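If you read the sequences in order, they're chains Z and V. So in this note's numbering, spot 453 of the first sequence is number 453, and the numbers just go up one at a time. Each number in this note's numbering corresponds to the 1-based position in the second sequence with 507 added.
Derived by calculation from the structure, the hints in this document are not laboratory data. Quick caveat, the model's predicted, so the values are computed rather than measured. Among the hints, erroneous ones may be present.
The following label-pair restraints were derived from C-beta to C-beta distances [claimed, not checked]: (1) Ala829/V x Thr449/Z: 55 to 63 Å; (2) Pro94/Z x Ala829/V: 32 to 40 Å; (3) Pro94/Z x Val895/V: 24 to 32 Å; (4) Val114/Z x Ile762/V: 39 to 47 Å; (5) Ala137/Z x Trp631/V: 30 to 38 Å.
Each computed SDA-like pair below joins lysine to any residue, with the alpha-carbon atoms no more than 25 Å apart [said to hold, decoys possible]: (6) Lys714/V x Gly377/Z; (7) Lys784/V x Ile113/Z; (8) Lys351/Z x Arg709/V; (9) Lys159/Z x Val208/Z; (10) Lys794/V x Gly316/Z; (11) Lys784/V x Glu352/Z; (12) Lys405/Z x Arg709/V; (13) Lys794/V x Arg29/Z; (14) Lys189/Z x Ser24/Z.
Ideal Cβ placement from N, Cα and C applies to all residues, glycine included.
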Amino acid sequence: MDTILEMKNITKTFPGVKALDDVSLKVERGEIHALCGENGAGKSTLMKVLSGVYPHGTYEGDILYDGGVQTFKDIRDSENRGIIIIHQELALVPLLSIAENIFLGNEISENGIVNWPATFARTGELLTKVGLKENPATLVTNIGVGKQQLVEIAKALSKKVKLLILDEPTASLQENDSQKLLDLLLEFKAQGITSILISHKLNEINRVADRITVIRDGKAISTLDARAGQITEDDIVKDMVGRDMAHRYPERTPNISTEKLMEVRNWSATHPLHPERKVVDNVSIDVAAGEVVGIAGLMGAGRTELAMSIFGKSYGTDISGEVLIKGVTADVSTVQKAIASGLAYVTEDRKEMGLILDESITTNITLANLNGVAERGVLNDGAERSVAEEYREKINIRTPNVAQKVVNLSGGNQQKVVLSKWLFAAPEVLILDEPTRGIDVGAKYEIYTIINQLAAGGKGVIMISSEMPELLGMCDRIYVMNEGEIKGQLAAKDASQEAIMRMILKA
Amino acid sequence: MSDTDNKSIGYYLRTHIREYGMVVALVAILAFFQVLTDGIMLKPVNLTNLFLQNSYIIIMAVGMLLVIVGGHIDLSVGSVVGFVGALAAVMIVQWDLPTVFVVPVCLVAGAIIGAAQGYWVAYWRIPSFIVTLAGMLVFKGLTLALLGGASVGPFPPEFQAMSSGFVPDFFGGLIDGRFNVFSMTLGVALAALLPILGLRSRAKQAKFAAVDEPMAVFVIQHAVAGLAILFVTYLLSTYRGLPNILIIMAVLIAIFTFITNSTTLGRRIYALGGNEKAAKLSGINTKRLTFFTFANMGMLAALAGLVFAARLNTATPKAGLAFELDVIAAVFIGGASMSGGVGKVIGAVVGALIMGVMNNGMSIVGVGIDWQQVIKGLVLLAAVIFDVYNKNKA
Chain Z
1 MDTILEMKNI TKTFPGVKAL DDVSLKVERG EIHALCGENG AGKSTLMKVL SGVYPHGTYE
61 GDILYDGGVQ TFKDIRDSEN RGIIIIHQEL ALVPLLSIAE NIFLGNEISE NGIVNWPATF
121 ARTGELLTKV GLKENPATLV TNIGVGKQQL VEIAKALSKK VKLLILDEPT ASLQENDSQK
181 LLDLLLEFKA QGITSILISH KLNEINRVAD RITVIRDGKA ISTLDARAGQ ITEDDIVKDM
241 VGRDMAHRYP ERTPNISTEK LMEVRNWSAT HPLHPERKVV DNVSIDVAAG EVVGIAGLMG
301 AGRTELAMSI FGKSYGTDIS GEVLIKGVTA DVSTVQKAIA SGLAYVTEDR KEMGLILDES
361 ITTNITLANL NGVAERGVLN DGAERSVAEE YREKINIRTP NVAQKVVNLS GGNQQKVVLS
421 KWLFAAPEVL ILDEPTRGID VGAKYEIYTI INQLAAGGKG VIMISSEMPE LLGMCDRIYV
481 MNEGEIKGQL AAKDASQEAI MRMILKA
Chain V
508 MSDTDNKSIG YYLRTHIREY GMVVALVAIL AFFQVLTDGI MLKPVNLTNL FLQNSYIIIM
568 AVGMLLVIVG GHIDLSVGSV VGFVGALAAV MIVQWDLPTV FVVPVCLVAG AIIGAAQGYW
628 VAYWRIPSFI VTLAGMLVFK GLTLALLGGA SVGPFPPEFQ AMSSGFVPDF FGGLIDGRFN
688 VFSMTLGVAL AALLPILGLR SRAKQAKFAA VDEPMAVFVI QHAVAGLAIL FVTYLLSTYR
748 GLPNILIIMA VLIAIFTFIT NSTTLGRRIY ALGGNEKAAK LSGINTKRLT FFTFANMGML
808 AALAGLVFAA RLNTATPKAG LAFELDVIAA VFIGGASMSG GVGKVIGAVV GALIMGVMNN
868 GMSIVGVGID WQQVIKGLVL LAAVIFDVYN KNKA
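Take these sequences, add in the hints, and give me the full structure.
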């Protein structure tokens, strides 16, 4: 076996974060090489370095590929050498056809005039190869996510791929679509295509991977050889997590009130565009003062939709159900009213929906409670600054100055700004949607500490997370949601990843 | 980056390069034309004209700033200027209604026009470009219909006074009627008031936290501003005194600077333009705010329409033609961002003045209207390139 790719001592820093620290990776020709690691461990960053998204010169270290040191300037450069990356977020144009998407930027043409018959014929061949039975003229928007994923792969094949990189390809796929995709990878391997597979799903990795490299906190921890002998998931997990579960979450003695702080009864909401699809179906949950309640589920289970529909009907139509706060029915029909009722919602996507990136830390912190720093509509600059300084200290936002623009902060510090904003609005109940997504391990610990302090202060916390260990480590009680319904709930002491998965999968 | 570094003057100037750059550019352009026109540029009579000629653009630029900061655009303002001028002419000249009645009615009409457009933008989420493009056509047509295709005028003196009148000299005769002492007094008062207000706000800020702006910058800035005010009022006082319209403008600028800098309303408009989703999820009524910025714009366009009609002393079907372009250009030269969330009232005003000084200067020098347009276009492009360059460098 010869080596197709060797990444040597790659180091990549972002302002405030060392995303990759001296990482080396060796991939052999014709193998399926899996990359494992927690969110934010640096897997995607490593692949972006490889594919030229971060061009040569913005990182330290060398990429040896196909016999020589490569200095890719952009994605085109790496694609020309046969390295194709398929990102987590699909990069298809929804209103173009499958054929147009596959040959986008790489059209079969002569003197700028597209040869449509050849395009469609080639597309037909490629679709057969990936096992997708669709008309090449079908618009991408009209096929499901699983099929779109296959279109992406067909697109990769159209470019004479030598090294295929898949970044969590099955994250948003149904079970049978995932299986199909993995079979396809094995087939490619038989044809001699090398693949790098980034995945969180250990069972999938075990099924297809020849070797597994584990990345943690920006460092390559180990490379395990699956061909040498059976590797157990525990082996991988041990390297991924590194330290004991016990020390990843701060200590806390729950002090939970017996009375319910917030109750949601029979909550339902339908999809804004597809009125026949119930996204949230008759959900009833509750949280007590001092309690941290988790909502577990797969992507698309309806957790974010539940939270947003409760928070001022910010999602969905045809919303029904009742919200009680301290036993009294609360009006949560607009965001203003929801905030006034004592609710706060920390969005899943802090850059898109949580922060005004080009504004200062101060401006962002006071945004949800401007009247708290104003008198009769006139802002008090000084009071505003002192509020910002107070939270900078209390929440430990690392910045030289609260006048700093939020865009310049690291993910963890940005998340602390979002939390500060909602703390300043003085809510009773906080709904945290993926509060630690995309932030590094140290900052996660700090966020967990803040959550614990909130609970200790008598707030109710509802925590939505796709990372099950996080829910297990933090929550007193975990609801399990799937397909818009609450499938059941588990007390902290009875909960385990297996128990949650079983609940999700049970019909 | 350390704390002390942040407080240094260099750092402060670097982070505020755009604001100071604008003012420096304005002064440089003024000086350039002062030389090129052999001193005509800053002659009191020309300076007075400069304000009269550009008043309606400045008035609208202030409103347009809010619209653009909110993430939208209003293409209809030129047509609204024409329409409101025509409305005023019909009411005053043809129906003989009193000015004191007509002026508020016209302002309300403008606000309703703005609100009608803002309604579709805010509550139906129809792109403002389309809604106001439609408004532009509609009101251009309605202007023609109102005036029957002809000019209507002249206006009575009290209506004209709004635009071509001057602040009377209450201390008249002190210096032989050749110097407007009252105007000068107003200028001195303003020049004295600004540093006092500035110091008070610094003191208030210092009570809670460190003051961002270095003292040296504060002093220089207020000294320069004060001297500029004194200089301009002195020049104007040796002619006929402060034009009424300058007072109206100054009041508007003060009000809107206050709204954008110091009120929750202003802060919310910046938040809306900066990230609408985040603003909405922070409990801000984004729809009502958008609606407000358009209604406000309509009212200011109506005021500009009245001023323009009063200045021409007639309402013509061509009034307001292409004004929207000058107004929008002024706001972007003044540093506002097309994507919303960024921009300052004073920037828009300086942007309008830069355009005005260039128009005026080039006309005096004798540059043809053809080349004037080319040069103005390039200045707009240069200002925006400067912005983008600065942003990328940061």
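Next on the checklist: With the threshold set at 25 Å, check whether the alpha-carbon distance from Lys159/Z to Val208/Z stays at or below it.
Outcome noted: Holds: Lys159/Z and Val208/Z sit about 23 Å apart, inside 25 Å.
Next on the checklist: Hint check: Lys794/V vs Arg29/Z, CA-CA at most 25 Å. Holds or violated?
Outcome noted: 57 Å, violated
Item to check | Ala829/V versus Thr449/Z beta-carbon gap, inside 55 to 63 Å or not | outcome: 60 Å, holds
Checklist entry - Do the Cβ positions of Ala137/Z and Trp631/V conform to the proposed distance bound of 30 to 38 Å? => result Cβ of Ala137/Z to Cβ of Trp631/V: about 34 Å, so the range 30 to 38 Å holds.
Checklist entry - Would the pair Lys351/Z and Arg709/V pass a check requiring their Cα atoms to be no farther apart than 25 Å? => result 33 Å, violated
Checklist entry - Quick one: are Pro94/Z and Val895/V within 24 to 32 Å, going by C-beta? => result 29 Å, holds
Checklist entry - Is the straight-line distance between the alpha-carbon of Lys714/V and that of Gly377/Z 25 Å or less? => result OK: Lys714/V and Gly377/Z at ~20 Å, within 25 Å.
Checklist entry - Has the given pair, Lys405/Z with Arg709/V, been kept, meaning a C-alpha gap of at most 25 Å? => result 22 Å, holds
Item to check | Straight-line alpha-carbon gap Lys784/V to Glu352/Z, limit 25 Å | outcome: 7 Å, holds
Checklist entry - Going straight from one Cα to the other, do Lys189/Z and Ser24/Z come out at no more than 25 Å? => result Given that 25 Å is the threshold and the Cα spacing comes to 23 Å, the pair holds.
Item to check | Val114/Z versus Ile762/V beta-carbon gap, inside 39 to 47 Å or not | outcome: 57 Å, violated
Next on the checklist: Holds or violated: Lys794/V and Gly316/Z, Cα atoms, limit 25 Å.
Outcome noted: 18 Å, holds
The structure fails hints 4, 7, 8, 13 (numbered hints given earlier, in ascending order).
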